[in-house]
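Read off the chains here:
There are 2 protein chains.
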Amino acid sequence: MARSYYSPQNLSFLLFEVHELEDLLSSPHFEHLDRQSLEMMLDSAKQMADTFLFPHYEDMDRNEPQLENGNISVHPSVRPYLDAAGEAGWISLTAPLDYDGMQAPGMMNAAANFIFSAANNGAVQLSGLTNSAANLLRSFGTEEQKRYFLPQMFAGKWQGTMALTEPQAGSSLSDVTTSATPRGDGSYLIKGQKIYISGGDYIGAENVVHFVLARIDGAPKGTKGISLFVVPKYRKEGENLVFNDVTVAGLYHKMGQKGSPATHLMYGEKGDCVGHLLGEANRGLAHMFQMMNEARIAVGIGASAIASAAYYASLEFAHQRPQGRPLNNKDLNMDQVTIINHPDVRRMLLMQKAITEGSMSLGLQAAHYADKIDVSEGEEKEHYQMLLDILTPVVKTYPSEMAIQSISQGMQILGGGGFCKDFPLENYYRDIRIYAIYEGTTGIQSQDLLGRKVTMKNGLALQLLSAEILQTMTDARTFDELKPYAALLEENMGRIQQVLTHLMPFAMKGDVERYLADANLFMELTGITLIAWQWLKQATKAKQALVNGAQGSDAEFYQSKLHTMRYFFHYEVPKSLGLTHRLLDATTLTLVEESDTVFI
Amino acid sequence: MARSYYSPQNLSFLLFEVHELEDLLSSPHFEHLDRQSLEMMLDSAKQMADTFLFPHYEDMDRNEPQLENGNISVHPSVRPYLDAAGEAGWISLTAPLDYDGMQAPGMMNAAANFIFSAANNGAVQLSGLTNSAANLLRSFGTEEQKRYFLPQMFAGKWQGTMALTEPQAGSSLSDVTTSATPRGDGSYLIKGQKIYISGGDYIGAENVVHFVLARIDGAPKGTKGISLFVVPKYRKEGENLVFNDVTVAGLYHKMGQKGSPATHLMYGEKGDCVGHLLGEANRGLAHMFQMMNEARIAVGIGASAIASAAYYASLEFAHQRPQGRPLNNKDLNMDQVTIINHPDVRRMLLMQKAITEGSMSLGLQAAHYADKIDVSEGEEKEHYQMLLDILTPVVKTYPSEMAIQSISQGMQILGGGGFCKDFPLENYYRDIRIYAIYEGTTGIQSQDLLGRKVTMKNGLALQLLSAEILQTMTDARTFDELKPYAALLEENMGRIQQVLTHLMPFAMKGDVERYLADANLFMELTGITLIAWQWLKQATKAKQALVNGAQGSDAEFYQSKLHTMRYFFHYEVPKSLGLTHRLLDATTLTLVEESDTVFI
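Line by line, the protein sequences are chains A and B.
FYI, the numbering for the first sequence is 1 to 600, going by my numbering.
FYI, the numbering for the second sequence is 1 to 600, going by my numbering.
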């Protein structure tokens, strides 16, 4: 039997008990769905992953994409997966019924993304990108564009990409130089280079639909002059598809995640690349942010998924591997015990479990807010948008950064085997490292959180989030057992407030550099606090279930939730002490003027 | 020009100014050496590394060892390197003059190991192992064995290995089952399997000299029945070398460090593997600890070396890569600035530098104590031995664990490029991960520190170490600027004491499991404290040099030391707060009896 890579029981707990997915179904938008149909979807996602993804995970890593004569070959399992995903409706899961979509909640999309990523994070990137790209087109495309592109994309035949990064600009989108010259017929000639484009081209994709940031001739400098274009590899002329002058200039050789090719692309090298404007001119970055934000949440969920797969792999090893004896009874006449009996191994496993399930829960919390936006109106809608906005950089970052640590602990459990390709852990260890880099590095996310999200509308988003957290604390406090943990969470909320009180004067007087110098540490503190929130939420639901008489393996499941929550509060939350201490420290060391010749 | 992978200026500073290598030369044992000859050695080590190691680093990673028909091929640059290293005397650096050694201080060996590992950590493992194995033979071999084996090993022709780990035992050496059956002529028939044996066999090694732990028939169970044997691949019979029945059963496919093959070996599969006892019967583990302890220190120094190479690679990138604008002046009419001007990048670089140079200094501190042992007698010798004993697990662990973090930050600086083989960082990221695993995992080291080293002789080692640290604080306090940092270090020493006071009662009443449950966190706290000690020591020497009138680039070097010291105290030391909080927490969560069904 193949090893397990996630827990369906845990995923259902998070979806239905913690994040109340069923409540959403009362909205008219979801009236065609019921709990049973959602559960069937989850089962079929698992079957999909078991059949088309997990069995190819290792082989995909061993046979990375190859570039030959401008064409990129990918693993032979990619095409069958995309066909199956298209056919089963996974790429159109959230699309409206009248576009042949499943019109399912975004939380279901997040759940499927989780399952698929746990099974094979490389392949699923391709379908995930197409899905997000299709959503972008749904928002900003003309009816004609939608009717033309969406069916092919939903079928998995045409690949979607997001083409932002340029060689000379990297994360600095202000400096994007790809140009768009009006052709007079409403279309544009696109010219420029984009790098690190995932799924940018490969044999087996019948077409590639690029969503490209570019500058219309004469547009203002900076981000205010960026527009969004849809640029297919093959464009329609009459009844034919003709080559649209998008070529592969290079293929990156990645350390991991080898299922999907990362490409360097040239648009319009021969002056014949045609693109169409999506949405408003010069508003392209704002438009693109829809896809970027979706992708950021998907990255966070994907990271928790790899952490999950690694957790179950090391758990299996710890259950099976005999080594050593209990520290309190080293009787050499006894057989060796399995290593899961060693406190240090248990600590590492608990860490993996706490990071994984806490991160999953935070990701689904974001998906829950996104669904609420879809089904609400007016001020309520706006509030959910604010909640989603402030959560997004944290959902991207905490799971990505901490899954690195968590998988590293998992590798440690395997000892020498952990470092070898003869065991499963090292593959996850290599794959996960990109999550803290792409879709905006941890540095970018941290500046977004502290520099933009915390300050927007005079701190309204943080206020709304605090109210949500307060609600969780109130719910938890109905149980004596959880009161101390609610108090610890409250303490951490106080720490965040204290840090902001300390930092805000710098922002006020316009010293952004000082204000943001330790934004990454503020992100870490916020991440720990929000995961603590999610753990308290999970623990409250678990406690309720136990009080309501859960028995047998269900009771064990809920007890395990309580124990893992305790781990998080006793081992992870204390890291807030050092972070807060540093964030309140008046000594700066990283500003240029004070350390000109440091790096020798 | 090839990029730089270490700073000769920094290495000299640590050797001569911080750890007072020159003072050692007053001992008669080193009377054939002077400062100039040591400096020439350092230059020639750099030349060696520039010529034979660094140029092959990347290619070695891309062409890993291959096993075919029981023979392992390694990279073609391995043999020339070993020949050159043998010829230049690097493998016999510390060996006595009358064995044709250089009779140099161990600190020089550490320095050469550092330079070589920074250049190419895979290849140097082979010469390093042979060097340590030769030292073991010098300690426990007969004169005849020494005259027979040492010249070949010193020449780099015969490879040395340490063969401890077995498939069924892993880190649990009590459960070693490889057997040694007396043949009646003083030699033994060896039979068993060993796994993860670095440099265990390869084409180009004329012979492999294995230092094998095995059990003489009828020996007591556990570690008290383990003996040490020298077991060559080819044994001498008359004038001939005949095959000694040591075969390769497998080759591991490692995630990194592909210069040296990790092997699975079978001893005596055909019943014809002859070994000779080294030292006393049943004292093998104690004997082997000489090599293991040397190897542990070498691992710590090697880890700091990889961190160094990664630091200079990301520093170079940060100096060259333009991206974005200063946060306080985002004028789009200005050119982009190089990313070294961003506080977040500076923070990451400072972290890399602080970890790298702090770890180097701690490793050289250990080498300094080892040299002191060699040149002292009686109680003084014993005290240095205690100091070395308590330092060893920390020297192994802190650099290994923190170099992972540090290199990860370096990779982050490169953004998407960091994840790609098209840039240098990912190779270091893969290589470094084994350091926290081999030669005793972090878990094993932490139990050694808290369970053995802290408690031995009623805590004498820790007392002696505290006195050394106190001396550093006293020296530092001659400068007002350093007083606050001495106070921070003192605070951390207080934290360690407080934690021990809290934990010791568990050890007293024999509850070792509880006592050691969070040993890894105690290790982390100790590691931070000892690196803070090393930084205060470096800062004091830097301050002295500045007060003494250092000018120009020297002054910049010393200022940079002071700045990096401040980084360590302001950013890394605060992590002690959370660790101490957890270590003083009465709630246990990882003991078996209280969490039987946690892992679901």
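Calculated from the structure, these hints are not laboratory results.
Do not rely on the hints blindly, as some may be mistaken.
Computed spacing ranges between beta-carbons, pair by pair [as the list claims (entries may be wrong)]:
id	chain 1	residue 1	chain 2	residue 2	range
1	B	D335	A	A586	31 to 37 Å
2	B	G459	A	R3	56 to 62 Å
3	A	I203	B	E39	56 to 62 Å
4	A	R3	B	T51	42 to 48 Å
5	B	T51	A	N63	31 to 37 Å
6	A	R3	B	D335	48 to 54 Å
7	A	L584	B	E481	20 to 26 Å
8	A	H319	B	D480	47 to 53 Å
9	B	D335	A	I203	38 to 44 Å
10	A	S376	B	E481	56 to 62 Å
11	A	P484	B	G494	53 to 59 Å
Source: prediction; values computed, not measured.
Backbone N, C-alpha and C define an ideal beta-carbon position, used for all residues, glycine too.
Compare the structure with the hints numbered earlier in the document and write down the numbers of the violated ones, lowest to highest. As far as the earlier hints go, 2, 8, 11 are violated by this structure, in ascending order.
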